Structures are given as structure tokens and as C-alpha cells.
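Chain order of the listed sequences is A and B.
For the first sequence, full-length UniProt numbering begins at 1 and goes up steadily by one.
For the second sequence, full-length UniProt numbering begins at 1 and goes up steadily by one.
Below, a list of computed lysine-lysine pairs in the BS3-like style, where the Cα atoms sit at most 27 Å apart: (1) A/K114 - A/K72; (2) B/K123 - B/K144; (3) A/K73 - B/K96; (4) A/K114 - A/K131; (5) B/K138 - A/K129; (6) A/K72 - B/K97; (7) A/K114 - A/K129; (8) B/K138 - A/K127; (9) A/K131 - B/K138; (10) A/K73 - A/K114; (11) A/K62 - A/K114; (12) B/K123 - A/K72; (13) B/K105 - B/K143; (14) B/K97 - B/K76; (15) B/K123 - B/K97; (16) A/K72 - B/K96; (17) A/K8 - A/K131; (18) B/K138 - B/K123; (19) A/K73 - B/K123.
In silico contact screen, one side only, chain B against chain A (beta carbon under 7 Å); selected entries: (20) N30; (21) H31; (22) V32; (23) S114; (24) P136; (25) K138.
Distance ranges between label pairs, derived from CB positions: (26) A/A43 - B/E59: 27 to 35 Å; (27) B/E52 - A/N102: 23 to 31 Å; (28) B/L125 - A/Q138: 45 to 53 Å; (29) A/D2 - B/H18: 40 to 48 Å; (30) A/F134 - B/T55: 35 to 43 Å; (31) A/A3 - B/F103: 55 to 63 Å; (32) B/P118 - A/Q5: 48 to 56 Å; (33) B/P87 - A/E16: 34 to 42 Å; (34) B/P118 - A/Q139: 42 to 50 Å; (35) A/I98 - B/S140: 22 to 30 Å; (36) A/E110 - B/K76: 48 to 56 Å.
Keep in mind the hints are simulated off the structure, nothing from the lab.
Treat the numbers as computed from the prediction; the structure is a model and nothing was measured.
Beta carbons: idealized from backbone N, C-alpha and C, even for Gly.
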Amino acid sequence: MDALQLRKQLSDYMAELFDEGFLDEQFTQLQQLQDENSPNFVAEVVTLFFLDSERLLNELAKSIVQPEIDFKKVDAHVHQLKGSSSSIGAHRVQRSSISFRNCCNDRNVEGCLKSLQQVRHDYSLIKDKLKTLFSLEQQLPGPPPE
Amino acid sequence: MASYYASSSSSGEVTADHRDFPHVLAVDDNHVDRKIIETMLRNSSCRVTTVENGTRALEYLGLRDGQPNSATLASKVNLVITDYCMPGMTGYELLKKIKGSSFLKEVPVVIVSSENVPTRINKCLEEGAKMFMLKPLKQSDVKKLRCHLLNCRS
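Generate coordinates for the entire structure from the input sequences, incorporating the hints supplied.
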């Protein structure tokens with residue numbers, strides 16, 4: 001594929017991620033922050049998001065199987081996840097985090113279990129898609145024309 | 001302003017002396033948010049120091065156990081921007097400590113939060129916060145903040 005086709009493939013993929021609600025305008029904010037002073041900004045922030053999210057999901061998995069669920073602790077973790085996902089524009093993860101928090105507030109164990117599954121699912125989707133996005137970008141032969 | 005505080009989108013190097021840039025202390029327990037606020041502030045011609053909690057913030061500001069630590073009086077901070085929801089010391093509690101210190105009370109404090117709770121906002125403003133902003137922050141929010149609070153400061 002030539003450069004033009006690669007660029008089109010990338011922008012089509014990006015548009016799809018926005019159209020399907022995987023990403024929102026906050027992701028665009030991040031892209032606008034990337035420049036010659038911070039050339040890898042988006043990848044760096046997304047990497048932090050991956051590390052943070054995986055840590056939080058592990059903690060959540062442990063907390064949720066306790067005989068007496070510490071809802072405050074669970075809520076604190078979900079709050080973090082909601083925050084990071086919102087800050088990078090990972091829209092579906094943000095939304096499922098909000099539902100999860102509602103279940104915590106209601107002390108709804110069943111709801112929390114389902115929410116954790118949902119948030120894990122949404123996280124794994126966005127992780128895959130962002131990795132695909134980055135690998136498409138890496139195939140491009142240099143900075144786009146101004 | 002555009003030519004002195006060279007924006008990062010222009011080609012070539014920033015020739016302005018960074019020591020003249022305002023120094024902002026950003027406090028947030030979330031690593032992703034720290035990275036983002038740091039970049040947004042740098043893009044608005046600020047020097048930035050980030051810390052992950054209120055205790056570290058107070059240490060950096062030169063306050064240890066409520067007493068000024070004279071060794072750090074030289075490191076001047078022009079603005080503190082802090083997240084509201086943090087484990088341990090909240091942003092509100094940090095604000096109170098700063099405003100309660102004769103040594104630090106003139107330092108402007110901005111609170112950020114992902115939650116739009118009017119009573120929370122009023123509480124912070126009454127305690128002396130200069131502004132309350134909602135997350136997720138946009139570059140334009142940070143630029144506005146810089147204009148309002150840090151213009152013409154050395």
C-alpha cells in the first residue's frame with residue numbers, strides 16, 4: 001500500500017472508532033497536544049492508561065470476590081478508572097464505569113459483578129483498537145504533509 | 001504575547017527565558033491526569049511540577065507540619081492546581097491548609113473535579129479557591145486559566 005492509501009486506512013479507522021463510540025472528543029484533545037515538543041504524547045498517555053487500568057481491574061477482581069464486599073474500596077477504584085478513561089476519551093469504559101459506580105452506591109452485588117464484566121470487556125476492546133491504531137500509524141512513512 | 005511566549009506549534013526553538021514562565025504545582029493522584037495537565041500547562045508557557053498527593057504538595061511548597069521550611073522559600077510557586085477527590089488529604093483540605101498559612105495564603109489555588117456538585121464548588125470558592133474547573137480538562141481551559149490568573153506575573 002502506498003502512503004496515501006495507508007493514510008486513508010488510518011483516518012478511516014480513526015473515524016470508525018469515533019463513530020462507534022469507542023473514542024470521544026477528549027481523545028482529539030490529546031492528539032492536539034502532540035507536537036514536536038511531545039512527539040509521542042498520545043502513545044505515552046495511552047500506555048499510562050493501560051497500566052493504570054490493568055492494575056485497577058486486578059484490584060477490582062480481588063475486591064469483588066470478598067465475602068463482605070468493601071463497596072467504598074470498590075467505588076474508589078472505579079472512580080479512578082472513570083477518571084482516566086474520561087481523560088483520554090475512552091468513552092465506553094467511562095460509561096461502564098459510571099454504571100459500575102451506581103451499582104456500588106446501591107450496594108448491588110449482582111450489579112457490581114455484571115459491571116465488572118462489562119468494564120473489562122470495554123477495556124479489552126479499546127486496548128485492542130488503540131494498539132491497532134498505533135500500529136497503523138507506525139506504518140506511515142513519516143510526518144503527514146502540513 | 002504570541003511572539004514572546006512562543007507556542008509549541010511554531011517551528012524553531014522557544015527563545016523566551018523559561019525562568020520567566022510562571023511556576024505551577026499540579027496535584028493529582030491519577031497518573032494519566034498528571035501527565036495531561038503537565039503537558040497542557042507546558043503548552044501554555046508554564047513551568048510545571050507535579051505531585052501525587054496533598055502531603056507532597058505541602059512539602060514542596062515549603063510547609064512541613066504547618067511550619068515553613070525556610071530552605072525552600074526560594075522555590076516560588078505561582079499557582080496550585082489540585083484535584084478535589086484524592087485519598088488522604090482532599091483538594092479541599094489542601095486548599096484550607098494553604099489559605100490557613102500566613103506564608104502561603106497568597107498563592108492562588110484552582111480546584112478541578114470530575115463531579116459537578118454545586119455545594120462542593122461553593123465550599124471551595126468560599127474557602128478561597130480562585131477557580132473551580134470540571135474534568136476532563138481541555139487545552140482551552142488551561143489557556144484561559146493562564147490568562148486570568150497568571151498574566152503579567154514574573
